[in-house]
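Engineer: As a plain string of letters, each chain reads:
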Amino acid sequence: MNTPAAGGLLLVGQPNVGKSVLFHALTGRYVVVANYPGTTVEVSRGSARALGDMPVLDTPGVISLPSRTGDEHATTRALLTEQDVVLLQVGDAKNLRRSLQLTALFAEMGRPMVLAVNMVDEAEARGAHIDTAALATELGLPVVATVATRGKGVAQLQEEIKKAPVPRFHLEYPAEIEAALDVMAPLLPADALAPRALGLLFLAGDGELEDWLAGRIGADQVELLRAQRDAVQQSFVEPLSAVLQQTRMAFADRVASRVIRAVDKGGAGLAQRLGYLAVHPVWGWPVLLSVLYGIYWFVGEFGAGTLVGLLEEDLFGGVINPWFQGLVESHVPWPWAHDLLVGEYGLWTMGMTYALALILPIVTTFFIAFGVLEDSGYFSRLTVLSNRSFKALGLNGRAVLPMILGLGCVTMATLTTRILQTPRERLIVTFLLALAIPCSAQLGVVMGILAGISFGATLIWFCMVLLVLVTVGWLANRMMPGKRIPLMTELPPLRLPVPGNVLTKTWARLKWYLEEVIPLFLIGAFALFVLDRLGVLPWLMQAAEPVVTGWLGLPREATAAFLMGFLRRDFGATGLFAMGAALTAQQMVVGIVTLTLFVPCFASLLMIVKEHGLRRAALMLALIMPLAFFIGGLLHRALSLAGWGG
Amino acid sequence: MSKPKTLTDVPARSHVHIEGFTPDTSHELRERLLAYGLIPGQHIRVLAQKPVTVLQIEHTELALEKVLAACVLVKKQA
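Here the protein sequences line up with chains A and B, keeping their order.
Final position of the first sequence in the numbering used here is 958; the numbers increase by one with none missing.
Final position of the second sequence in the numbering used here is 513; the numbers increase by one with none missing.
Please note: incorrect hints may appear among the correct ones.
What the hints assert, rightly or not - Between beta-carbon pairs, the in silico distance windows are:
{"#": "1", "chain 1": "A", "residue 1": "Thr-816", "chain 2": "B", "residue 2": "Ser-461", "range": "38 to 48 Å"}
{"#": "2", "chain 1": "B", "residue 1": "Asp-459", "chain 2": "A", "residue 2": "Leu-815", "range": "23 to 33 Å"}
{"#": "3", "chain 1": "B", "residue 1": "Pro-458", "chain 2": "A", "residue 2": "Lys-474", "range": "50 to 60 Å"}
{"#": "4", "chain 1": "A", "residue 1": "Leu-931", "chain 2": "B", "residue 2": "Pro-475", "range": "27 to 37 Å"}
{"#": "5", "chain 1": "A", "residue 1": "Gln-546", "chain 2": "B", "residue 2": "Asp-459", "range": "15 to 25 Å"}
For the record, the hints were derived by calculation from the structure and aren't laboratory data.
All values derive from a computational prediction rather than experimental measurement.
The beta carbon of each residue, even a glycine, is placed where N, CA and C say it ideally should be.
Next up, chain A with everything else stripped away, as it sits in the complex:
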């Protein structure tokens, strides 16, 4: 039976098998890929030119169905609602059994389907060769061996997708279940997935499916289905989902043993040994410290030091800005326009100079360092190493992923909290991200400023922020109802990152940065200019004096920095940086600590509203702002008492 593939191509499979890499190869549209499970948390869309502009959908990985986490639900939803799609399952060649266990479910959905067995190079390196022709015969669907990161097998995949048939696949489940499926089939909608597949998902207890069904069929029919499920459960000791899973696993095991030819490879490789070292209870810590030092050197010393020095002082300060100032002053007749363009809060002197000369080199180096680590597989090791530390915050080591991602961009990280299992974990991590995790842009500016004062200043800032993070996390854990989820996570193999892939990823992130940040920077500089002109800024400074000067001990001009902080926290830090010599070391540290904790940037605030609703976002903001000022004031007093930097 051949069906034309009109509706599009749906990429599905387990986490971290390379769906997003294939998506990029097929569509040319880049979605961020990395070597850890849970990089993709929502469905992305593109279109494949080689397939007649067929729409292509990339979905978050599912460990198994029924779906359990927010990102997995998105995949189930796509399977249920996308009409007339071809399924492209991406499997992991080195873990064929697990991949096939999902194949057994997908292949009965009544959709045309192709299986890509990805990472065959890694499987071969580990001594497993897969006979794809034999596998295709066993499954009754086209199978293509691929190495997505190097484009191997993609052309053949495109050919197979064009003529993909609905598989003639049937897996026989235990008799009681088969009987129930027959009874359930007429009750289920016939215009979506095959009723048999819907029945299997329903028996396994997929909540997302039940929500979807509630809008499609009558409540009485749903009741009948539930009664059927309860009746079948009576025949088994184990939960139905486990029984189904075992049937599929047994099938996968049978097929895998027939198509995998073992090639002996002795001993653990260097990568594997390094992998053990990274999670070792003792040696893991020196490894972490070296990694952190490496980042500090590359981003802090090289990016924020050398590159910024070259760009900001030499290029912009020495060449471009004087030239531009001269140009404006001799060609533009209106003095107010001079101020607008090249004045103290000028669009060029403040906006563009900061964005291009100060922050751009810092985020570029950070994104490169981050990309290398992401692709190496180190972050998943960090999950294990940090698990114990996260226990106190009511979280498990998986929370380290959004937290580290937050050091890149808090907005992206807030979205990534979807990989966490419970709403409770998501809320705690989102709150901590909004409060105490500085993003790369801000981090860079902060590191640059503090390194200019002393190492002690950096240490004070770091300890304060960490203290707030731990204390607030601990309190949140105490106050929020619910239980902590113990850690279970997959550790992907350590790999040497491919430079081309890291650069593509860095470029994609930089593009996003430039698109988001530069307009905001200009708006911010413009808003300050207008406020200054209208006399609102001096008035605001006056009004904020009790807090900014009285409580924090900062000059009133620092109010402008906090105002900028509303747009983006790094603008705020940059504003302090611009005040330079007007601030003592102590004032700088107090100002930066306050700004680090201060409101999350506008974009991440919108993301929090989107993910958690307006009420919770407002509540977070109401907690964060006073807290930031409270901590800042305390620090001011403590440092004065200690006689530091006054």
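Start from chain A and add chain B according to the hints.
Structural biologist: Chain B alone, transformed into the frame defined by chain A:
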């Protein structure tokens, strides 16, 4: 018969077979473990016991916190 062994009772670097799960293992956990391929009879290698249990099944490395590893019954390879 001695008390059944769980994954936490065997030292690192040992090879074991999965026997099943303790009776108090929740449905959801059982399902997740099965999805990773921890089915009765499956051979696995225990790679580490600290800071959490790390095991290798096929070519997947899986990290399990102690309370979860204690739900998996295993038998030492003869």
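Engineer: Hint by hint, note whether the structure agrees.
Structural biologist: A quick look at each hint next to the structure:
no.	hint	result
1	A/Thr-816 <-> B/Ser-461: 38 to 48 Å	holds, 42 Å
2	B/Asp-459 <-> A/Leu-815: 23 to 33 Å	violated, 50 Å
3	B/Pro-458 <-> A/Lys-474: 50 to 60 Å	holds, 51 Å
4	A/Leu-931 <-> B/Pro-475: 27 to 37 Å	violated, 48 Å
5	A/Gln-546 <-> B/Asp-459: 15 to 25 Å	holds, 21 Å
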